[in-house]
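From first to last, the protein sequence lines stand for chains A, B, C and D.
In this text, residue positions in the first sequence follow the working numbering: the first is 1, and each later residue adds one.
In this text, residue positions in the second sequence follow the working numbering: the first is 1001, and each later residue adds one.
In this text, residue positions in the third sequence follow the working numbering: the first is 2001, and each later residue adds one.
In this text, residue positions in the fourth sequence follow the working numbering: the first is 3001, and each later residue adds one.
For the record, the hints were derived by calculation from the structure and aren't laboratory data.
Fair warning: this is a prediction, and the values are worked out from it, not measured in the lab.
Note that CB positions come from ideal geometry on N, CA and C, so glycine has one too.
Careful: at least some of the hints might be erroneous.
Stretch-level coverage of chain B by chain D, calculated; a stretch enters the list once three of its residues show a Cβ under 8 Å from a Cβ in chain D [to be verified]: (1) 1039-1046; (2) 1090-1096; (3) 1311-1319.
Cut-off 30 Å, straight-line C-alpha distance, at most; resulting in silico cross-link-like pairs (DSSO-like, lysine-lysine) [claimed, not checked]: (4) B:Lys1289 to A:Lys261; (5) C:Lys2199 to A:Lys312; (6) B:Lys1010 to A:Lys289; (7) B:Lys1312 to D:Lys3020; (8) A:Lys261 to B:Lys1328; (9) B:Lys1231 to B:Lys1010; (10) D:Lys3288 to C:Lys2199.
Read off the chains here:
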Amino acid sequence: MATATETGVKKNFLTGLKEAIAEEMESNPNLICMGEDIGALGGAFGVTDGLIARWGRERVIDMPISEAAIVGVAAGLCLNGKSVMVEMQFIDFISCGFDQIVNMTATYHYRTAGEVNMPMVIRGPAGAYGGGALYHSQMNEAWFANSPGIKIIVPSTPYDAKGMMKAALRNPDPVLVYEIKDLYRRRDLEEVLPEEDYIVPLGKASVRREGDDLTIVTYGQNVYHCLEAAKNLEKEGYHVEVIDLRSLVPLDEATIIESLKKTNRLLVVNEAPMTCGFAGEVLSRMSEKAFEYLDAPPARITRLDTPVPWVKPLELFVLPSVEQITEKALKLIKY
Amino acid sequence: MATATETGVKKNFLTGLKEAIAEEMESNPNLICMGEDIGALGGAFGVTDGLIARWGRERVIDMPISEAAIVGVAAGLCLNGKSVMVEMQFIDFISCGFDQIVNMTATYHYRTAGEVNMPMVIRGPAGAYGGGALYHSQMNEAWFANSPGIKIIVPSTPYDAKGMMKAALRNPDPVLVYEIKDLYRRRDLEEVLPEEDYIVPLGKASVRREGDDLTIVTYGQNVYHCLEAAKNLEKEGYHVEVIDLRSLVPLDEATIIESLKKTNRLLVVNEAPMTCGFAGEVLSRMSEKAFEYLDAPPARITRLDTPVPWVKPLELFVLPSVEQITEKALKLIKY
Amino acid sequence: MATTKTDPDQRHNEGREPAKLASDLLTADDYHELLKQLYMARYFDVRLIKEKKRGRLRGTLYSSHNQEGIIVGALYGLRPTDWISPIHRDMPAFFMKDFRSGWDNPERVGMTIEEVCGQVWGKVTSPGRARDNWSHIGSRAKKIIHSTSMLAGTIPAAVGVTLADRLNGLDSVAVTFNGEGSTAQGVFHEAINFAAVEKLPVITIIENNQWAYGTPTHYEYSLEDFARRADGFGIPGLVADGQDVLDVYNKVCQAVEFSRAGNGPSIVECKTFRSYGHGDHDDDRAEKYRPEEEVEEGRKRDPIAIMKKIMVEKGFLSPAEAAKFPAEGKGASEVTDEDFPPEVVAYLNRGVESAVNAPVPEAHEGGMWVFREEN
Amino acid sequence: MATTKTDPDQRHNEGREPAKLASDLLTADDYHELLKQLYMARYFDVRLIKEKKRGRLRGTLYSSHNQEGIIVGALYGLRPTDWISPIHRDMPAFFMKDFRSGWDNPERVGMTIEEVCGQVWGKVTSPGRARDNWSHIGSRAKKIIHSTSMLAGTIPAAVGVTLADRLNGLDSVAVTFNGEGSTAQGVFHEAINFAAVEKLPVITIIENNQWAYGTPTHYEYSLEDFARRADGFGIPGLVADGQDVLDVYNKVCQAVEFSRAGNGPSIVECKTFRSYGHGDHDDDRAEKYRPEEEVEEGRKRDPIAIMKKIMVEKGFLSPAEAAKFPAEGKGASEVTDEDFPPEVVAYLNRGVESAVNAPVPEAHEGGMWVFREEN
Ligand SMILES: Cc1ncc(C[n+]2csc(CCOP(=O)(O)OP(=O)(O)O)c2C)c(N)n1
Ligand SMILES: Cc1ncc(C[n+]2csc(CCOP(=O)(O)OP(=O)(O)O)c2C)c(N)n1
Ligand SMILES: [Mg+2]
Ligand SMILES: [Mg+2]
């Protein structure tokens, strides 16, 4: 039988996620999937396609449109020995289940002094640039980064998507997965995935491009904006290091600090609102911990402190762009 | 008739808030109050005491325990020309009305390109150090700072409490007010309040103590921890400037930058969880904008990234203390 | 409708009709107007689908095809001063509000077709300057509540606007439109419970089209008639045939009358069927979860056809006239402009033209209006 | 209880009794046990109030005084393997769960009195090592769900644990305790709606004590009997006299039987009255919102007195025996240890002593257990 690796079948980001969930459902009989329209439809984007045919409603549960109950029921399942994958149809709707996440689920282990753990993955399509407007574009990871007890990951490649999703589904703690929907089917990201079981552990950043003139720290689809900016800068003779965080909580500070020792310049890029966003968190930590390595003011490029508007020119106006990144990078390098 | 100023009657923080609301109810017939138990009981802490007797249920509405509906109904009132003061019985329960705040209310002005404004104040008792445990101790301002369209204030004196509450109740935008409940009745903060109508405008920080060795930026009850640390340091010959932000959104960056020009050292203190908290936001902005003035790594002291535990030793373990602040300040000064 | 909320006969109204129907007072002209409005709603839907297929539109279309009876019937029972809160599947409601006052009456309290098309095309003429998408528009002046995407999320606001009106001595009501799936949201419960406590004039219309995206009703709630949800709040729950514009009109009028008399809120369940996929992106996938036979069966009762039949029976329409604009039963790909009354086509043409010619908002508007008071 | 959820006779059960009552099977010993448990719950409450007055306790006390019939009656109808979810006013439930198996039976599936007192005193012997306060404890092993402060917030978890049990082939049920005020939360609706859809064995007990803090029921919901809320979900809604431990027992047994047979969830409204303020901080203020007469009237039916009367009527207790421990009708300041059976006092003494002697957790524990996997 030909394996993917042998035949070199390239797979997209969404396939990576899909395979991860399907394989974990196969290997872990205690894993339950819950969400809206995840059964016969296979979810709004098809991530759970085929699961109901294989496992039935017992383990793949089409839920009423009740985000709070979905998370809360999942918490009860975890309390009683199950693991749960919760799909938010769009990550934006997580606000409707907010209390059950931050106050019930995230604190459960803490409140019980370790008696109870919550192996729950909450995942869903996220991110802007696609014309989704205010409620189908959010990156609201900072709400949860400021809510102790939740791990947060944002993979950006098919390989990471599969490996981190598997790691998340095996993790004993609640893990939020921001799936950048604009990456789901991007052809240029397709890659051959290992045939054998593998995971990408949480908490490790990935250096996506090496360089010694500037460190750009980013994650999600902004990785590609930054890589493009880095390519532009390469043409002008500047070597930019691009770090893809992949995991926000826990954060791989060591990799960033190592890089700063070399580049002495930091730019953080993400597409969430600026104030109290995760870009600022990276900037803060590095200002505190790597101050001595910084030869220029650390900087961030984020979404403006606005919602994500709908029509293209407005949407692009409020979001980080390759041009903005390139320009800022040059300024920092030349500082 | 003797006025407060003439007789010098000192008033506490809670009285400041109470007077502000009562006076605005008097002067603005369009102002409605909504919340749980705010009628005959006068609210859990008595902030709305007496309002129902004066204004009746038409303008002082005891609501069912429905935080989402409370905020949402208030949004409808605002849409139809009213102003609303919403009391959260504890600010912790704001999580139950989260979506209606961040997605409905905060974005309304933006979505309608300015047609509609939301003169809504959401206020409630907040803050730790009092043994309130996980759900009666929160400072969750960062969730909202990362949600564009919401102003956030945290007064720390009776004068500011009254003046900022009045400013908030007249503001055309949604304003969240974190009332530090441990300050409500603190005797040592009592002060004579102006007899005449006054406001303290949003967006202006207050320099609570001048100094040129270090700038400490803080807000809420941590102001008093920082002032105490500053007193300790004074004894050792160090002059610490303490800035009470009072208003987080909008943020008075200029006052902080001015201070840093003088002190060249920054410490930010708050009692919220560290990651993506507002302390980090101040640290980030100053690292970006005042890098050249900084002679030592900017630092923050915050709650650990944990919930607030109940029993005293544990609670104090996770929260900023005068000792911690003093120690860190010394380190920065001597850096 | 009974004034006591606990009378079980009144709460379980199916099969019983009140002594007098609101529709008894409608004239032949009203019937013709209602029929034309059904055409209007239908035409808006199929025309948009065509425009999208031609690549002229971005964004998702949530077809109201086959559900027009609810929009038209409900709106026809309202006064200009009443509030409405339409959602994703109610796009025609924005410009059809207060159509009864005259489609082009400058005093009409509803959006213009130019405004709605401006929104669909993402132009500055959109009431929200195209900052949010789809049906997420509204107008304080026109008394249309601006929804977010969060289902059931505007019911509290509907409660709030009526509370303000009541404080101001007005007797307006608010009508919210909701898919049956959205009723599973907690905020639905919170808002209606409070409206029941305060006896606020909020009518919750349930467009029960049997599906919430890919989920059938038996996974959404456990009731024969969704209207029985009302019993749990102690308020009336009516059931209407959503395919019969007159039945919708009657039940909504009943509910409105009950509300205006100060008796509080109610729920009106309108039974209907979603012709197409959830959105146009779902049309090809809907067969994954929805059997072909069910779709065939569900589409059988077209509201235009039903209204024509009634009008022929009443003698308001000759069989020949009834055969004239045969839009009923046809999908967007089968129908042509000839299947619709020319004034309907012209009306929408005006909107489309205006939208096509209007400029896209300028980029920097993205940074504006976060706060009213910029400081 | 009917197996079809739409039989209105079964849903409107007030005034009708099923053919056979669960209490018909109780022996004289059971009656004595139930009475002793009522004393136990009462004693726990008044003793804590005394301890607090002596300055030995921090935190707020939410008195269950006068509401013991609900806690005792409901728990007595459960199996060890059933789940419970008590909240702020149900503190005795934590150690009285599965009391029927013997107060000191080491196999009992409930917390020990030492554990519960450890929590009240904030000591390491608390099941959560005193990390959260009040009633916010629980135990996976003992099948007690750990609540947060957010009212109604554990109903979804209760639904979840039964779903897991059902997947594992178990027929346990989950019983949640809730003040009537908490039912206004959206999550109440979301969770019960899903339980109804999935026919999950979750029994929602409403301790309807007429007040939510300072808010009377007519501002909380608009129903004569709150139990009618169940009609809106298509599930049974029973009404029990919360002052009669046997009636509570019977109604909960009915609901449990219905659930175990696979018919799904139900609501049991237990009518009762809150003797004191909302919490002990509120005792002096409660008169601001609650008229004296109402309190007098409401306190008249003491569950201990009612049970004694029944037992005397049944001949299970002589009038002399009934007069023996006159705790009924007395508040914390009026009552002494002599008013309670000595084994009750001794049991709690053991808990108090253990708690007083146990150490407070060390400070650094505040930083522990944020995550299980520390990496
Ligand atoms: C709170 C929330 N959760 C999920 C969604 C995603 N969503 C959009 S429409 C829809 C189905 C709605 O079904 P229904 O309410 O029956 O309306 P219909 O589309 O059938 O008219 C879902 C799940 C949403 N918009 N809001
Ligand atoms: C979501 C939420 N909102 C508000 C509160 C504050 N609060 C605590 S108890 C209470 C009243 C509860 O009344 P009820 O449910 O009837 O229970 P009772 O105290 O009468 O037993 C309130 C408003 C809370 N705990 N949770
Ligand atoms: Mg539907
Ligand atoms: Mg109560």
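Results for each hint:
| no. | hint | result |
| --- | --- | --- |
| 1 | 1039-1046 | holds (count 5) |
| 2 | 1090-1096 | holds (count 5) |
| 3 | 1311-1319 | holds (count 8) |
| 4 | B:Lys1289 to A:Lys261 | holds, 22 Å |
| 5 | C:Lys2199 to A:Lys312 | violated, 44 Å |
| 6 | B:Lys1010 to A:Lys289 | violated, 45 Å |
| 7 | B:Lys1312 to D:Lys3020 | violated, 53 Å |
| 8 | A:Lys261 to B:Lys1328 | holds, 24 Å |
| 9 | B:Lys1231 to B:Lys1010 | holds, 24 Å |
| 10 | D:Lys3288 to C:Lys2199 | holds, 26 Å |
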